[in-house]
Amino acid sequence: MTGLAIRALLAGMVMFAAGTGRLATDLDGNAIDQLAPAGSRAVVLFFAASDCPISNRYIPEMQRMAKEFAARGVRMWFVYPNPGDDAKVVRAHDSEYAISTPTALDTTQTLVQMAHVTITPEVAVFVPDGSGLREVYRGRIDDRYIAFGRERPQAQHHDLEDALRAVLDGQPAPPPGGPPIGCSIVTLHP
Amino acid sequence: MKNRFPARGLVLLATLAACFVTISVTNRKVDAAQPDVTWSGQIAPLVYKNCTTCHHPGGGGPFSLLTYHEAQRWGAQMVTVTQSRFMPPWLPEHGFGDFADERRLSSEDIVQLAQWVKAGMPEGDPATAPPAPKYSETWQYGQPDLVLSVERPFHLPASGVDVFRNFVLPYPLKQTHYIRAMEIRPGAPQIVHHANVLIDRTASFRRAHPTQWQDGVPGMELEVDAGNDFDPDSHFLFWKPDTPVLVEPAGMPWRLDPGNDLILNMHLKPSGKPEVITAQVGLYFTDQPPTKQPMLLQLEHDSALDIPAGARNFVVEDEFKLPVDVDVLGIYPHAHYLGKVLEAWATLPDQQKRWLIRIPDWDIDRQSVYRYREPVFLPKNTVLHMHYIYDNSPDNVHNPHDPPIRVKAGNRSEDEMAHLWLQVLPVNAKKDGPDPRLLLEEAWMRNKLAKDPDDPIALYNLASSLAGQGKYADAVAAYRHMLALHPGDERALNGLGAALDDSGDWQRAQNVFSGLVAAHPESCDGRFNLASLELKHDQASDAEQQFRTMLKQCPADAGVHSGLGVALASEGSADAAQAEFQRALASDPHDFIALYNLGDLALQSGQFPRAVELLDSAAQQRPGDADAHEHLADAYAQSGRLGDAVIQVRAAIRISPENPALHALLSQALAATGDLQQAIEEQKTALHLAGNDADGWNNLGVLEARAGRNTEARADFLHALQIAPDHAQARANLGHLPPS
Numbered sequence: 112m113t114g115l116a117i118r119a120l121l122a123g124m125v126m127f128a129a130g131t132g133r134l135a136t137d138l139d140g141n142a143i144d145q146l147a148p149a150g151s152r153a154v155v156l157f158f159a160a161s162d163c164p165i166s167n168r169y170i171p172e173m174q175r176m177a178k179e180f181a182a183r184g185v186r187m188w189f190v191y192p193n194p195g196d197d198a199k200v201v202r203a204h205d206s207e208y209a210i211s212t213p214t215a216l217d218t219t220q221t222l223v224q225m226a227h228v229t230i231t232p233e234v235a236v237f238v239p240d241g242s243g244l245r246e247v248y249r250g251r252i253d254d255r256y257i258a259f260g261r262e263r264p265q266a267q268h269h270d271l272e273d274a275l276r277a278v279l280d281g282q283p284a285p286p287p288g289g290p291p292i293g294c295s296i297v298t299l300h301p
Numbered sequence: 034m035k036n037r038f039p040a041r042g043l044v045l046l047a048t049l050a051a052c053f054v055t056i057s058v059t060n061r062k063v064d065a066a067q068p069d070v071t072w073s074g075q076i077a078p079l080v081y082k083n084c085t086t087c088h089h090p091g092g093g094g095p096f097s098l099l100t101y102h103e104a105q106r107w108g109a110q111m112v113t114v115t116q117s118r119f120m121p122p123w124l125p126e127h128g129f130g131d132f133a134d135e136r137r138l139s140s141e142d143i144v145q146l147a148q149w150v151k152a153g154m155p156e157g158d159p160a161t162a163p164p165a166p167k168y169s170e171t172w173q174y175g176q177p178d179l180v181l182s183v184e185r186p187f188h189l190p191a192s193g194v195d196v197f198r199n200f201v202l203p204y205p206l207k208q209t210h211y212i213r214a215m216e217i218r219p220g221a222p223q224i225v226h227h228a229n230v231l232i233d234r235t236a237s238f239r240r241a242h243p244t245q246w247q248d249g250v251p252g253m254e255l256e257v258d259a260g261n262d263f264d265p266d267s268h269f270l271f272w273k274p275d276t277p278v279l280v281e282p283a284g285m286p287w288r289l290d291p292g293n294d295l296i297l298n299m300h301l302k303p304s305g306k307p308e309v310i311t312a313q314v315g316l317y318f319t320d321q322p323p324t325k326q327p328m329l330l331q332l333e334h335d336s337a338l339d340i341p342a343g344a345r346n347f348v349v350e351d352e353f354k355l356p357v358d359v360d361v362l363g364i365y366p367h368a369h370y371l372g373k374v375l376e377a378w379a380t381l382p383d384q385q386k387r388w389l390i391r392i393p394d395w396d397i398d399r400q401s402v403y404r405y406r407e408p409v410f411l412p413k414n415t416v417l418h419m420h421y422i423y424d425n426s427p428d429n430v431h432n433p434h435d436p437p438i439r440v441k442a443g444n445r446s447e448d449e450m451a452h453l454w455l456q457v458l459p460v461n462a463k464k465d466g467p468d469p470r471l472l473l474e475e476a477w478m479r480n481k482l483a484k485d486p487d488d489p490i491a492l493y494n495l496a497s498s499l500a501g502q503g504k505y506a507d508a509v510a511a512y513r514h515m516l517a518l519h520p521g522d523e524r525a526l527n528g529l530g531a532a533l534d535d536s537g538d539w540q541r542a543q544n545v546f547s548g549l550v551a552a553h554p555e556s557c558d559g560r561f562n563l564a565s566l567e568l569k570h571d572q573a574s575d576a577e578q579q580f581r582t583m584l585k586q587c588p589a590d591a592g593v594h595s596g597l598g599v600a601l602a603s604e605g606s607a608d609a610a611q612a613e614f615q616r617a618l619a620s621d622p623h624d625f626i627a628l629y630n631l632g633d634l635a636l637q638s639g640q641f642p643r644a645v646e647l648l649d650s651a652a653q654q655r656p657g658d659a660d661a662h663e664h665l666a667d668a669y670a671q672s673g674r675l676g677d678a679v680i681q682v683r684a685a686i687r688i689s690p691e692n693p694a695l696h697a698l699l700s701q702a703l704a705a706t707g708d709l710q711q712a713i714e715e716q717k718t719a720l721h722l723a724g725n726d727a728d729g730w731n732n733l734g735v736l737e738a739r740a741g742r743n744t745e746a747r748a749d750f751l752h753a754l755q756i757a758p759d760h761a762q763a764r765a766n767l768g769h770l771p772p773s
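As you go down the protein sequences, you meet chains A and B in turn. Counting from 1, position 89 in the first sequence corresponds to residue 200 in the numbering used here; the numbering is continuous, with no gaps. Counting from 1, position 471 in the second sequence corresponds to residue 504 in the numbering used here; the numbering is continuous, with no gaps.
Bound conformation, chain A alone:
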């Protein structure tokens, strides 16, 4: 479980992201320079790929959580980091899957690097920390997928939800119980 060790090392990192310029773009090409509007208690980045079946299967669950936690000051973004997922493809995908959660195109993979994610679907949770954002959780959404070909009939542990509840309660987020399973993010600089 080398992944866990790395995660533990990263847990205290402060990402000075907010207000430092363009992070990503929206579907109309406008720059997104602020992930957490004033008053947000946490930001969730859901890294997704329009052509990844496991990522797509999580859309209903992520939309549910976006709605459920919005009232508690949690802001969620659907982030598309793969080069093939341009505005046209993602717009069609958002429409097909009836996605109402704010969408970001991570064309420069700034968010990927900021969150240190490698997989879709994978999530990262940040909390405001001074003028920046601090990553408090990164990894799987739940434990439905243990590995390729190892899928539970339904999830037993909801890692992301547990992390969010802990953070909102002022507690440290428990680390994920296992690695994220899905499609590798196509890196811009192999």
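Be aware that a few hints might be false.
[Stated by the list, open to error] Reference listing, derived: stretches of chain A covered by chain B, where coverage requires no fewer than 3 residues with Cβ under 8 angstroms from a Cβ of chain B: (1) 140–154; (2) 205–219; (3) 249–262; (4) 285–299.
[As the list claims (entries may be wrong)] Here are the simulated BS3-like cross-link-like pairs (lysine-lysine), alpha carbons at most 30 angstroms apart as the crow flies: (5) B:LYS717 - B:LYS464; (6) B:LYS441 - B:LYS325; (7) B:LYS325 - B:LYS306; (8) B:LYS386 - B:LYS504; (9) A:LYS199 - B:LYS306; (10) B:LYS354 - B:LYS441; (11) B:LYS167 - A:LYS199; (12) B:LYS441 - A:LYS199; (13) B:LYS354 - B:LYS463; (14) B:LYS167 - B:LYS302; (15) B:LYS306 - A:LYS178; (16) B:LYS569 - B:LYS504; (17) B:LYS504 - B:LYS463; (18) B:LYS302 - A:LYS178; (19) B:LYS207 - B:LYS585.
The hints are simulated quantities; they were obtained by calculation from the structure and are not laboratory data. Think of the CB as a built atom: it goes at the ideal place given N, C-alpha and C, for glycine as much as any other residue.
Since the structure of chain A is already known, use the hints to place chain B on it.
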């Protein structure tokens, strides 16, 4: 007169199911000094051979790998999933059974793929790349002869647990067809994990779910009533994303009759958005009836499935000794989410062990039927073994229960199953022995009863298989055993009555049917059997009454009209009988009894061409019915078509070679065509089979005399007179012979 006994036969229960993998990673060092691996050179051929059957636009895989850029997008993924052997999907352990279409990459392939990705996925020279395979956007196998579609589109929710659902596709044609291939277009292939097709001969599932079947019925497994004829369900009709077309081997088409349903059992995986599924089944016909009749056999031990919570290595076994030689054509192991290691092997009579299959890490999501590259011959007295290990611990990620609970057998996905199906083709069967499938059925049912002595279906099927072999006394005993456990069971009573009648005890048979009808006045089968028995034993007016009651109570049935026709004909009401036969044909143009009897009536009234037409149709409906061929021969003879008459009598003789009357008839027909020598031989065969026939000896004498063999003729006439001293013809014929 022909009577139909619908009670003779078997109920075969077919169970269905639906269906993950961990693997050892091939951990070879990637050597960067190897010659360049490129898409055009090595990778495209590998991907086209192993991946694009599913991974093409519209295919069962989630994305396409047909082009270099598509493969590049998924390169890193391909390395991960091939190294873990998640892809291509293939559960059986290599070397434990030799399967056709083994979908497995070699270790060298996997290393090569990793090398390619590590080197930055070079394309190489596109001009040297092989052309991408082409996949049809519609039917892969061409336009089908018949397309069946689900009644109503099914709406799969965007998320949630996997859905197992059964869709009924009624076969709409009024004629029987043989099916040489079937293609399934699931509508949204990427969400369909697998599909299994069952033939419901009696539309039993549809009738059991009258308001639900159009929308599909939930359930992982289902049972259908195979009806009343011994007709073992003989084909695996199993679809998975990489095999959209199921082509049957030569000589082994399967059959659909009017009134049959196909049931499409689908395992559906929510995709993240609502999906609408409109599955279609394409059928490809052949005119050629099957020449080989395989059978599905099952090993199982569901009654042993009582897995304590937390148990890691719970073993369930079954054994079955083959009563006949067989070729094993295919195998289908099945368990639900707790199955871990699934094994099957055969112990040959010389104690040699032959592996049939071994699945070291079962995954219900990847279940499949496996067909052997070459049939596996297993001689009589081979013992088949099923050995399954279940894991009901929290460490089994597929475990549907958290925390684990005690699990027993059942057809919900959270229950368990321990099934092993084999498709076998009996070989080396004795020509004059019983149908080897009946022997397999008997042994199979005895095996089931050894595990569960009160299993009503096994008891019934055992009795029926015994009756089918002509072991009527044993069949009667088995039906009585079943009735002792399940008193009043309608089907068992019908079977008992039929077996009693076949054993020659028709009075007791009549008592059984009468008792059944008295206790269950609504029983159409019981009343039909009683009426048929009454017909056979000259109680036409009683039979007429039963049939008339059935016309009021039972669904419109050609058999009732034709039965009533037979009763009326026996009572001398030829016109009324004819009208009933016509009604029978209006409802089912293939009703044998109506065709046969109308043909006979036409023959008697001198309408020979009409008789030929009707009796020819009758003989086509039941090619194994000697009487139909005999009467057709008569109609041909009366029409002056002696050659056709000879062909039909020969057909009858092939069915009943020991029937002296048929040989005598053939002799007459041959004599009429001028083939005296063959005519004499056939008459001799007739007399060899039944020597105490004065007419027969007289006829032989006439033939001998015509052939100029007066000495032989004289002896024949004398033989006739010895049997019947008053035989006037023989005496006169003797007088016509020139003095010796």
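Taking the hints in turn, this is what the structure says about them:
1. 140–154: violated (count 0)
2. 205–219: Three-residue rule met by the region 205–219 of chain A, so holds; n is 3.
3. 249–262: Coverage by chain B holds for the region 249–262 of chain A (6 residues, Cβ < 8 angstroms).
4. 285–299: The restraint on the region 285–299 of chain A holds, since 3 of its residues have a Cβ under 8 angstroms from chain B and three suffice.
5. B:LYS717 - B:LYS464: Holds, at about 25 angstroms.
6. B:LYS441 - B:LYS325: This hinted pair is violated, its Cα atoms lying about 38 angstroms apart.
7. B:LYS325 - B:LYS306: 46 angstroms, violated
8. B:LYS386 - B:LYS504: 34 angstroms, violated
9. A:LYS199 - B:LYS306: 19 angstroms, holds
10. B:LYS354 - B:LYS441: 26 angstroms, holds
11. B:LYS167 - A:LYS199: Roughly 28 angstroms between the alpha carbons, so the hint for LYS167 of chain B and LYS199 of chain A holds.
12. B:LYS441 - A:LYS199: 51 angstroms, violated
13. B:LYS354 - B:LYS463: 19 angstroms, holds
14. B:LYS167 - B:LYS302: Measuring from Cα to Cα gives roughly 27 angstroms; hence the hint holds.
15. B:LYS306 - A:LYS178: 17 angstroms, holds
16. B:LYS569 - B:LYS504: Satisfied, since the Cα-Cα distance of roughly 22 angstroms is no more than 30 angstroms.
17. B:LYS504 - B:LYS463: 17 angstroms, holds
18. B:LYS302 - A:LYS178: At roughly 24 angstroms apart (the allowed maximum being 30 angstroms), LYS178 of chain A and LYS302 of chain B satisfy the hint.
19. B:LYS207 - B:LYS585: 24 angstroms, holds
When held up to the earlier numbered hints, the structure conflicts with 1, 6, 7, 8 and 12 and fits the remainder.
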